[in-house]
Each structure stands twice: as C-alpha cells, then as structure tokens.
Amino acid sequence: MQHDVVAIVPELMLIATALLMMLIDPWVPRKERRGFSWLGILACATAAVSTWLSRGEQFTTFSHGIALDKFTVFFKLLLLAVAVLAMLLSEQHLELKGRLLGDYYALILLATVGLMVMAESIDLVTFFVGLELMSLASYVLAGFFRRNSRSIEASLKYFLTGSFASGIVLFGMALLYGVSGSTNYEEIGTAIRIGPVDGHVIVIAIVLLIGGFAFKVAAAPFHSWAPDVYQGAPTPVAAFLSVGPKIGAFAVIIKFFTIILGSEHARWAPLLIAVAIATMLTGATMALLQRDLKRMLAFSSIAHVGYLLLAVVAMGENINSFGDSSILFYLAAYAAMNMGAFGVLVFLANSGKFGDSLDEMAGLGRRYPGAAGVMTVFMFSLAGIPPTAGFLAKFYLFAAVVDAGLAWLAVVGVLFSVVSAFYYLRVIVYMYMREPEAETAAAMEPTGKRSWDLTLGLGLATAVVVVMGILPGPVLTAAQDAVAKILGS
Amino acid sequence: MTFLPTLGALVMLVLMRGRPLLYKYTALATTAAVFVLSLVMVFKFNQNTASFQFIEKVNWIPRLGSSYHMGVDGISVLLILLTTLLSLVIIPASWNYIKDRELSFFAAFLFLETGMIGTFCARDLLLFYVFWELMLIPMYFIIGVWGGPRRIYAALKFFLFTMAGSVLMLVAIVAIAYLARPNHFAAPVFDLDQLQNAVFSFPVQLAAFLAFFIAFAIKVPMWPVHTWLPDAHVEAPTAGSVILAGVLLKMGGYGIIRFCIPLFPDAAAAAVPYILILSIIAIIYGALLSLVQKDLKKLVAYSSVSHMGFVTGGIFALNIIGVEGGVLVMFSHGLLTGSLFLLVGFAYERLHTREISAMGGLASPFPVLASFLLFFTLASLGLPGLSGFVGEFLSLLGLFSYNKAMAVIAAGGIILAAAYLLWMYLRTMFTETRDEKWFKLSDLNLREISALVPLGALAVWVGVYPATFLNIINPSVTRLVHQMAPYMAQHGNFLTRFLAALGGRL
Numbered sequence: 001m002q003h004d005v006v007a008i009v010p011e012l013m014l015i016a017t018a019l020l021m022m023l024i025d026p027w028v029p030r031k032e033r034r035g036f037s038w039l040g041i042l043a044c045a046t047a048a049v050s051t052w053l054s055r056g057e058q059f060t061t062f063s064h065g066i067a068l069d070k071f072t073v074f075f076k077l078l079l080l081a082v083a084v085l086a087m088l089l090s091e092q093h094l095e096l097k098g099r100l101l102g103d104y105y106a107l108i109l110l111a112t113v114g115l116m117v118m119a120e121s122i123d124l125v126t127f128f129v130g131l132e133l134m135s136l137a138s139y140v141l142a143g144f145f146r147r148n149s150r151s152i153e154a155s156l157k158y159f160l161t162g163s164f165a166s167g168i169v170l171f172g173m174a175l176l177y178g179v180s181g182s183t184n185y186e187e188i189g190t191a192i193r194i195g196p197v198d199g200h201v202i203v204i205a206i207v208l209l210i211g212g213f214a215f216k217v218a219a220a221p222f223h224s225w226a227p228d229v230y231q232g233a234p235t236p237v238a239a240f241l242s243v244g245p246k247i248g249a250f251a252v253i254i255k256f257f258t259i260i261l262g263s264e265h266a267r268w269a270p271l272l273i274a275v276a277i278a279t280m281l282t283g284a285t286m287a288l289l290q291r292d293l294k295r296m297l298a299f300s301s302i303a304h305v306g307y308l309l310l311a312v313v314a315m316g317e318n319i320n321s322f323g324d325s326s327i328l329f330y331l332a333a334y335a336a337m338n339m340g341a342f343g344v345l346v347f348l349a350n351s352g353k354f355g356d357s358l359d360e361m362a363g364l365g366r367r368y369p370g371a372a373g374v375m376t377v378f379m380f381s382l383a384g385i386p387p388t389a390g391f392l393a394k395f396y397l398f399a400a401v402v403d404a405g406l407a408w409l410a411v412v413g414v415l416f417s418v419v420s421a422f423y424y425l426r427v428i429v430y431m432y433m434r435e436p437e438a439e440t441a442a443a444m445e446p447t448g449k450r451s452w453d454l455t456l457g458l459g460l461a462t463a464v465v466v467v468m469g470i471l472p473g474p475v476l477t478a479a480q481d482a483v484a485k486i487l488g489s
Numbered sequence: 001m002t003f004l005p006t007l008g009a010l011v012m013l014v015l016m017r018g019r020p021l022l023y024k025y026t027a028l029a030t031t032a033a034v035f036v037l038s039l040v041m042v043f044k045f046n047q048n049t050a051s052f053q054f055i056e057k058v059n060w061i062p063r064l065g066s067s068y069h070m071g072v073d074g075i076s077v078l079l080i081l082l083t084t085l086l087s088l089v090i091i092p093a094s095w096n097y098i099k100d101r102e103l104s105f106f107a108a109f110l111f112l113e114t115g116m117i118g119t120f121c122a123r124d125l126l127l128f129y130v131f132w133e134l135m136l137i138p139m140y141f142i143i144g145v146w147g148g149p150r151r152i153y154a155a156l157k158f159f160l161f162t163m164a165g166s167v168l169m170l171v172a173i174v175a176i177a178y179l180a181r182p183n184h185f186a187a188p189v190f191d192l193d194q195l196q197n198a199v200f201s202f203p204v205q206l207a208a209f210l211a212f213f214i215a216f217a218i219k220v221p222m223w224p225v226h227t228w229l230p231d232a233h234v235e236a237p238t239a240g241s242v243i244l245a246g247v248l249l250k251m252g253g254y255g256i257i258r259f260c261i262p263l264f265p266d267a268a269a270a271a272v273p274y275i276l277i278l279s280i281i282a283i284i285y286g287a288l289l290s291l292v293q294k295d296l297k298k299l300v301a302y303s304s305v306s307h308m309g310f311v312t313g314g315i316f317a318l319n320i321i322g323v324e325g326g327v328l329v330m331f332s333h334g335l336l337t338g339s340l341f342l343l344v345g346f347a348y349e350r351l352h353t354r355e356i357s358a359m360g361g362l363a364s365p366f367p368v369l370a371s372f373l374l375f376f377t378l379a380s381l382g383l384p385g386l387s388g389f390v391g392e393f394l395s396l397l398g399l400f401s402y403n404k405a406m407a408v409i410a411a412g413g414i415i416l417a418a419a420y421l422l423w424m425y426l427r428t429m430f431t432e433t434r435d436e437k438w439f440k441l442s443d444l445n446l447r448e449i450s451a452l453v454p455l456g457a458l459a460v461w462v463g464v465y466p467a468t469f470l471n472i473i474n475p476s477v478t479r480l481v482h483q484m485a486p487y488m489a490q491h492g493n494f495l496t497r498f499l500a501a502l503g504g505r506l
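Residue numbers (my numbering), protein chains in the order written: chain B, 1 to 489; chain C, 1 to 506.
Read the hints as simulated data drawn from the structure, not as lab findings.
Possibly wrong hints are sitting among the right ones.
Cβ-to-Cβ under 7 angstroms is the rule here; a few derived chain B residues that face chain C [as the list claims (entries may be wrong)]:
| hint | residue |
| --- | --- |
| 1 | VAL418 |
| 2 | ALA421 |
| 3 | VAL429 |
Don't be surprised by glycine CBs; every beta carbon is placed ideally from N, CA and C.
Given the sequences, and given the hints that come with them, work out the whole structure.
Put into structure tokens, the structure is as follows:
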C-alpha cells in the first residue's frame, strides 16, 4: 500500500500547493503577489526531488492504473522543468497586464499534474482523467487575459476543438474497450494480439485515436486551432501550451502505439505516415507566410510535431528501433528551444509596445543584444543547426527513421527542415541585418524594467540548448534508459 | 589548436567591448598564434607515412558511437596551413574596412576559423558534420551583416544552398553509420578508421556517394550548382570573400578526397566520367562567364568556378599526378584568389566601385597596387614559375593520362583564363586614367602590403619548388590512388573505351 502513495507524491504536492494558492490569493495584497511564482517553483522543485528519489522504482499501482518506471520519471521531470520555465516567464508579463493572480500559478500546476498523470497512466480511464485535468486548466489559461478579446477567442476555440478532440479519443477508447473488455493497456494489447478481433473495429479505433491525438498535438489536418490559440493566448501561456500538452500527448502516444497497438503496426503506420507528411508540409509552408511571430512559431511547432510523428512510425517498425528514445530526446530539446523562443517574445512584449510582428524585430541586435543573441541560439536550434540541442535531436530522430528502413521518409523530413530553416533565418535577418522603421524604433525604446525571473528563465533555456548540443550524453542516456523497459509492455 | 580562435573570440566578446584597438590586436595575436601552431605542426609532421598524426581522441557521445576524434594527414596539413595563413592576413586587411559592429566582425572570423580547422581535422563523421555546419553560421552573418546592398538575398541563398546539400549528406551519414554496425544492438559507427574497412553494397554506395557528392559539389562549387557563389562573393565583405574563396571552397574538394572516394570506392569509380565531364564544363563555362563580367569581384568569382574545375578534374582522374595536382590547385587557388579578392577590396576602398568600365589607368596613381595585381594575375593565369601553373599542369597531366580529349578541352580553360585576366588587367590598370582625383589618393600602405606579401611569397615557393608541398601530400594521395586502383580497373576500362568511341565519332 505504501507504494501507492510513493507513485503520486509529486502530484499530491502540486495539487496541495495549487489549492493553497487559490485559498490564500484573496487575502494577499496586490503588491505581495510576486511570491506566488516562487511558491510554485518551490513546489515543482520538491516534486522534482521526490520524483528523482523514486527513479529506481519499477512497479504499477492503483489497480494497474499508473506505472512508476524510468519512463514516467523522465517525463515527470521534463514536465516539471517546463512548468518551472513557464512560471519564470510569466510573472512580469502578468504584472504589467494587471493579472498577477495566484489562480494563474495554480492552473499551471494543475495542468502539469494532468500531464504527469497522462505520462504515467497505463489505463484508459486514468489517462482520460489526466487529459481532462490538463485540458480544462489550459482552456482557462488561454483565456486568462479576460478583457482581451483575442485571449477569449483563443480560449473558446481551444475549448471547442479540444473537447471535440477529447470526444473523438473517447470514442476510440470505447472501441478498444469493446474489443478487449478491459481498460488496461497491457490487457487490451494482449487481447488484440491474440485475437480474434474484428479488424474493422480496430481500424476505426485507430482512425479515431490518430484523429484525436492529431487534434491534441496539432497535427495536420487538425492543426488549425493552434496558430489562433497561440496568437491569442497570453504569450507565457502560449509558451506552455506549445510544449507541455505535446510532451504529455507523446508520452501517451508512445504507450498506445507500442503496448496497445504494437501488433497492428501495418494498419496504423501508413495513416500515420500520411499525417506526418501532411503535418510537416503544412507547418513548413504555412510558417513561411506568417508575419506574426507567434503564428510563425505555432506553425513551426506543427512542423516539429511532423518530425516527431515520423519517429513514432519508426518506433513501430521493429523491436530494436530507437524511435521512442529519439522522441524523448527531441521533446526535451524542443521544450527548451521553443519555450525560449516564446520567452524572448515575452521579454520584448514586457519592454515596449511589441506586437509580435516580424517587422518589429528589425534592428533588435542593436537595441537588445542579449535578447537577440539568445533568440539567435533558439532559431538555429529550431532550424537544427549544430552545435545546438535542436541539431542533435533532429539528427537522432532521423537516425531512428533511417535505421527503421524508412530512408525516404528521412529525406522528405530533412528537405522540409531546409524549407523551415528559411523562416528561422528570416528572424535572424530581421534582427541583425535590417534597420527598423523610425516609428517602430521609437515605440521599442527600452523601458528600463528588468525581470530577474525572465532573465533566469531565458538563461536556463539557452544553457540547456547549448549544453545539450555539445554534451548530449546525460540526456541521451536518460532517454535511452527510460524506454528500455516501459511497464506494461 | 582548433579551439584557440574560439577562446580568443570569447575573450574579445566578454572583456573588450568598446575598445577597438585592444580587440583588434587580440584578434591578430590569436590568429598569429594559431598560424605559428600550424607551422609547428607542419614541421613536426612526418612526411613518410600516410597514416594520421597528431591524433586526439576523447569519448563524446558513447551511446551514439561518436567520439571527438581529430587527426591530420598530409592533405589536411596543407589545407590547415592555408586556413591559418588566410585567417591571419585578413585581420590586418580589414583593419579599417568595417565601420559597424567591428567587434562582432572579428569575433565571427575567429569562430569561423575554429569551424574550418575542425572540419579539416575531424576523423569522426558526426563531428565532421558538426564543424561543417558550424562554419555556416559565422559566414552567414559575415555576408548578411557586413555585406553589400543585396546581402540578405546572398546570405540566405548561400545558407540554404549549402544546407540543402548537407542535410542529404546527413541522411547518408546516418545510413552508413547504422549499416556499418557489426550487429543490431551495437552503437552506430561514425569513426572513419572503422568505416574505412566497412563494405557497402553497390546501390548503398551509389546513393550515399551521390548524397555526399552533391553536398561537396555545392561547396566546390561545380556546375550547375554554382549559382550561389557569385552572389555570395559580390555581396560579402572583402575578408569574407577571401575566406569563402580561399578556404570554404576547398572544403568541397577536401570532402571529396576524404569521404566520397575512399568510403565509396566502387561508386566513385563508376561516377568518374560523368564528374569529369561536369568538371570540364565548369572549367570552360566559368572561364567564358568571367570574360563577360562587368564587376571585378564577379569576374574573380567566376574564375573560381573555372579553377575549381581543375580541382575536381584532377581528383577524379584518380591517378597520383592528377590528385596531387588537384590538391595543389586548391592550395594555390586559395593563395591567389584570396589575394585577388584582397586587391579588389583595396581598390574598392579607394575608388568605391568595382565596375571594370569605371576604372582604367589605375597603374599611374596606384603603382604598387598595380604591380601586386599583375603578379597575382599572372600567377592565376598559370605563368610557369608561379603556383597556379604547377597545380593546373599536374592536374592536366593527370587528366591526360585518363583521357586525352578531355585534357585538351580543359587546357582551353587556361587559354581563356589568360584572355579574361589579361583583358581585365588591361582595362583597369592601363589605358587613360579616368579620374584626376585618383592621384590624390594614397597607394597601398604597409598594413595592406604586409597582408599580400606572405601570400605572394608562398605562391613563388609553390611555383619554383613544389616538391616541398607535394612531399607532404604524396603518401596520402598514393594511398588513396592505390585503394582505388582495382575499382578503376573494373569500371575505368569500359568507360574510357566508350568515351574514346564517342570522341572518335565527334
């Protein structure tokens, strides 16, 4: 019985902190609300420590509802790091917009708990609980600037498409339950493998699940909510939403497509390949057309999801494939570089009247050499140029694809990455090689305010991107060990 | 040695903001120190063996089977010497040329130097790729930030062209690294020493060869993927052009010798005739385009395409003379074209134009500049006794023993080179002096001359006594050619006959 608690101690800590925050928020005077961010970070840090202490454990609990293994630990730590980064990026922005509330941090923590539950679940019902917890918190977060119509639009759009997607996933899960009579991943997997199962039902379930997941991770053709939501949501929230839910969803995708549907690879691979190619195509080409940086980053994250889906295909190709560990490594690199890029936008929004447009980036290299410098690192990393984390992540991922015998898919992937290099480089072009128009230059004069949180957050993201690019050893080892034995498989 | 420039750059960036003299001298001192180190390396280099020397090997990513494995053979040594020398001379050459964000400019060149040296030393494919791409970043900034009016277009084109080639190479690297594993659970093999012994089936070889070759051909650049070159050169600042022409183009030739041919001998042998045809097209086409250029820099840029044709032509003749010739052309082209770009840059600083038609009679106001230009022009068009001649002659000899008709056509390139270079010289330096104001401008100063003299001296050395340099590269080239001999015998005969028949009909 003691095991039960050990597995969810980090989640309990976060939930307790979130409740505490909501409870004390009304009594805290406006000026002293800055402490919330540090309270949240402290909670995440202790949760991370307790996760770290349980890294040697290997068991399932809560009636086989959740698993504690290296895979879970990897994802939990990654998600906690994302939450910390999101909180570091948020404070000054919220303060400037007059929305510095304890609720915000509580919601981030709750969303993180949801994501962690998704990552550790090995049961359909547990997974769905985590998914809904995460989704509900993020709908509210997207609309957190309630007087800003775009923020509300983002929230509503996210809510409608998101709950629709949840419904679709639920349909797929219901069919799986129907054919196997169980909600446990392993038991469903065994039932499908041994059969007899109606092939049509499986195909329909696969289509529904892929469709639902495609919604959640913003893969084509169900991606169109992403740019609107990222654009409308508060920028720190967009940073969180563009990374967190994807990490959680890919943890589930890895488990679904190995444990449950591993034997049905021939049925889902072609569909997933089509989705992946369509996703890369949409992401890379649409990002070319964007003048708004948040939209550009949204489409760029769609393109990255396309690469990740390729690795999912590779993962199922044979038992020795390291597609799964390449996904883990990629997610870690992607989290750092994408949140960093959004963080720079937060920084710019805080220091002046920044409207997220590309034109306003002109001459940034002179006005904010530091911000422009780290943005350059993030852009090169997103484009996959060494010596950054993005390069090694992409390298390792495409290595998995090639190794699985899908060299042609890797070629398609790298060609899209050349296309995408164009729009990342364009940001650098604007920052260093163009002079701003007089009026933007005036509007972008520094306000002189400085946020140590934000600086720390950006510094951490940059450090991760560079260190993972030069010395990837520890993260790579962790990613490979994490998938060595996923419980339930 | 590889990371000394990076260290210098970091020191400059951190400590010396707003102190122009200090950081310029630091840049100078750093490149000078690296140059001295490379000289020491040349002297300590054992010329009697083809095996790699000065090896450094440290585990880098053990899980991926990749290590930090550096080492040099004769070919690398020669090109590293060229790299460090050119990096040294461009510092004084651009002392006052850049007005804006100077610190970053010099720092970018130091980063670039790290990338270049690393590329020439890397003995691990993944490491090589990292350095190879690493060079792109500073070069992209050098063109894009400090370039001419169309710099953004040129920088993007440069970057995307090179990247398009290299990502395909990346897929090929991954493919062969995983195919070379002894069993399915082993880590992939990126180490060149081990890959050298791996045998790949012909289709794999062909696909990988093509992927590598396209990446290198873009860098060389070979016809028809050369179009980024004139744009990049014209827009790049002088120092950028010097490094671009002097070193970056050599990466292509180096990559072909180091990776394309020894890793995929079968495919390389099969590809020989096609590549030779492309090389000859490049020689003639580049020379013809040089004839009609109105812009001095463009002229030199297109002449590079032509000269680099001799490099690929010599290398793919795949006999000892040809490959040695190809490598020597690379070295001498680095010296000569580097100096030509420097001279064009110096002229531009004074006249603020590069249009040939706007010049004329420069010899009387600028006698020193004119004599240097004459020297390097003559060297470049292949005057015996100077470096251009030796390399191209050897390269032609190599081609000749492979196929006579090809050598004859390629020799036409030398005649054309004489035509466009002498004509250019005539139009810019002689005839009437266009503008009386020019007499008030100063000729080359000591700083500028000091940048040119070492290059000129080496050009004479290579021209008079090439044995010094050929001895360095000989063992490595011999090994390569011996390795290729059986494959050439297999493919070569049939295709030589085929081409001879084709030639006979024409």
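Violating hint indices (sorted, rising): No hint contradicted; all consistent.
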